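Participant: So you can see what is in the structure, the chains are spelled out below.
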Amino acid sequence: MWDLISSSVYAGILISVSIAIIGSLIVINKAASITGSIAHGSFGGVGIGIYLGANILLSTSVFTVLLALLLSFITLKFKHRQDSLIGVIWALGMSIGIIFISLSPGYHSDLMSYLFGNILLVENQDLYMMGAVDILLFLSIVFLYNRFLAMSYDRDFLFLRGINSNLLYTYFLILTALTIVMSVRAIGIILILALFTIPPIIAEKFTKKFYNMMILSGILAVFFIISGILISANYDISPTPVIVIIASIALFLSMLKK
Amino acid sequence: MKALEVKNVYFKYENEWVLEDISFSLNDKEFMAIIGPNGGGKTTLLKIILGFLKPSRGEVLIYGEPPTKNRTLIGYVPQYTTFSLDVPITVFDIVLQGRLKRGKFFYTKEDKKKVSEILERLNLTDFQNRKIKDLSGGQRQKVLIARALAVEPKILIMDEPTSAIDIKGQKEILDLIETLEVTRVVVSHDIKILLRDVDKIAYIHKKAVIHEGPKLNIPKDSHFCEVELINFLKDEECGI
Chain Y
1 MWDLISSSVY AGILISVSIA IIGSLIVINK AASITGSIAH GSFGGVGIGI YLGANILLST
61 SVFTVLLALL LSFITLKFKH RQDSLIGVIW ALGMSIGIIF ISLSPGYHSD LMSYLFGNIL
121 LVENQDLYMM GAVDILLFLS IVFLYNRFLA MSYDRDFLFL RGINSNLLYT YFLILTALTI
181 VMSVRAIGII LILALFTIPP IIAEKFTKKF YNMMILSGIL AVFFIISGIL ISANYDISPT
241 PVIVIIASIA LFLSMLKK
Chain B
259 MKALEVKNVY FKYENEWVLE DISFSLNDKE FMAIIGPNGG GKTTLLKIIL GFLKPSRGEV
319 LIYGEPPTKN RTLIGYVPQY TTFSLDVPIT VFDIVLQGRL KRGKFFYTKE DKKKVSEILE
379 RLNLTDFQNR KIKDLSGGQR QKVLIARALA VEPKILIMDE PTSAIDIKGQ KEILDLIETL
439 EVTRVVVSHD IKILLRDVDK IAYIHKKAVI HEGPKLNIPK DSHFCEVELI NFLKDEECGI
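Chains as they are written, first to last, in our numbering: chain Y, 1 to 258; chain B, 259 to 498.
Here chain Y stands alone, though its shape is the one from the complex:
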């Protein structure tokens, strides 16, 4: 049993670290729709990678970071229309992916794993990427904690303190993009948003300080992912939906707390 699930447990722990940091920032910055747009848009990178026969992790990373830069520009320059434009980027990335996959010869059996993910199938390459992104996230939060918190609460005030709040926001979106890329094969493009937002939303209710929110988010994420892996391995069902259902039940229970 352990041999079967060991890689997925490691992946679950590494993903939980990113949920703790980037998921918490997504929630307090109210950036769920932007994250959804980056996640779904990343399918364009998958399609391009398949078409070119390139390393999909690399093609998705490059494409998704470019999407994050585009979204940063749109949300900062066209605030009054950002909601609609985020939706456009969401569909644009997926459309690019579908077109390139259509143009690629042969049948691509692993496409479903990008859309819905399968944490039981993660490879060493994925674990290395997760580890590298986690290190970057950890260093970023250590050095930029105070700035990120101020940005989340009042971006104008940060600007008045002489700090480039737009650059910081763009960096946050790039970190979000890299986190999505590292998690896509394990969690899946369609379900990634739920898993990155549910633990922080629950944690927010029970904490007064942002670092406590991150720690609790990480603990909850580990619990949801590991229990999802165990259930799915026992009953031979896809793990990500099980993880999302467990997390959603916990979310609804937490909403009973005023």
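Incorrect hints may appear among the rest.
Only part of the chain Y face toward chain B is listed, based on derived beta-carbon distances under 7 Å [stated by the list, open to error]:
id : residue
1  : ILE28
2  : ILE141
3  : PHE143
4  : SER152
5  : TYR153
6  : ARG161
7  : ILE163
8  : GLU204
9  : THR207
10 : LYS208
11 : LYS209
12 : PHE210
Below, computed lysine to aspartate or glutamate pairings styled on DMTMM-like, alpha-carbon distance capped at 25 Å [unchecked claim]:
id : chain 1 : residue 1 : chain 2 : residue 2
13 : B       : LYS327    : B       : ASP279
14 : Y       : LYS209    : B       : ASP369
15 : Y       : LYS79     : B       : ASP344
16 : B       : LYS270    : B       : GLU323
Derived by calculation from the structure, the hints in this document are not laboratory data. Just so you know, these numbers come straight off a predicted model, no measurement behind them. Glycine included, C-beta positions come from ideal geometry on N, C-alpha and C.
For this one, chain Y is given, so just place chain B on it according to the hints.
Facilitator: The following block gives chain B in isolation, referenced to the frame of chain Y:
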């Protein structure tokens, strides 16, 4: 050197002039009220002073330099109603944000000591470990004033500091603002601000009418103070 100079400022939005030829200046430690009707351009002027918007014509100088260069001298107090109450952050940590600056990534012991002093001065010490959503409107506004004071600003700019606050809270906030020994600019649609010890008044309704001392000698306990204020503004041809 003037603390604040607004020189012939014009601002155009979608082919319509929102502000036309606004000029005034403020000396060190003076207290100015910017009043006027909603939609009259007060908020636009505020954004130009803070450096969030560039004027179509004219210039703003903060201690002789444009706001983009000298913006760190400003302590800005926005309306508390514009913030999310759910962010997990305590009152102490919000005020501590006033100590942030370029090139500084971590707070020092001196920063925390300074914040403690400000919280004590504003009678907020008992609330320092609470989330801001657990406070009343007046207390929330005081927290934002405390954050602006933590900057140790040379000029304090406040946007509608008494809006959405009960009468008792309004008085407390205005009493506090009156005692602060920095240059102060209060933007308000509530003309009761004129009952306070203001040195200058700018009435903004696309154009500006500036009143500079002598102080308005309207008795604060007058039942008809608002009527008297309106009469005063009429005399100044403000168009009310």
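Participant: Determine for every hint whether it applies to the structure shown.
Facilitator: Structure-based check of all given hints:
Look at ILE28(Y): its Cβ gets to within about 5 Å of chain B, closer than 7 Å, so that hint holds up. For the restraint placing ILE141(Y) at the interface with chain B, the shortest Cβ-Cβ distance is roughly 11 Å, beyond the 7 Å limit, so the hint is violated. Satisfaction of the interface hint for PHE143(Y) is found here, the shortest Cβ-Cβ separation to chain B being roughly 5 Å, below the 7 Å cut-off. Interface restraint check: SER152(Y) against chain B, minimum CB-CB distance 6 Å, threshold 7 Å, status holds.
Hint status for TYR153(Y): holds, given a least beta-carbon distance of 5 Å to chain B, under 7 Å. Given the 7 Å rule on beta carbons, the hint for ARG161(Y) holds: about 5 Å separates it from the nearest Cβ of chain B. With 7 Å as the threshold, the beta carbon of ILE163(Y) comes within range of chain B, its nearest partner Cβ sitting at about 6 Å, so the hint holds. For the restraint placing GLU204(Y) at the interface with chain B, the shortest Cβ-Cβ distance is roughly 6 Å, inside the 7 Å limit, so the hint holds.
Because the closest C-beta pair between THR207(Y) and chain B is about 5 Å apart, less than 7 Å, the hint holds. Taking 7 Å as the C-beta cut-off, the interface hint given for LYS208(Y) holds, the closest approach to chain B being about 6 Å. With a cut of 7 Å, the hint placing LYS209(Y) at the interface with chain B holds, because the nearest CB-to-CB distance is about 6 Å. A least Cβ separation of about 5 Å between PHE210(Y) and chain B falls short of the 7 Å threshold, and the interface hint therefore holds.
With a CA separation close to 23 Å, the supplied pair LYS327(B) and ASP279(B) stays within the 25 Å bound. Pair hint LYS209(Y) plus ASP369(B) holds up; C-alpha atoms about 18 Å apart against a cutoff of 25 Å. Taking the CA atoms of LYS79(Y) and ASP344(B), the gap is about 22 Å. The hint holds against a cut of 25 Å. With a CA separation close to 23 Å, the supplied pair LYS270(B) and GLU323(B) stays within the 25 Å bound.
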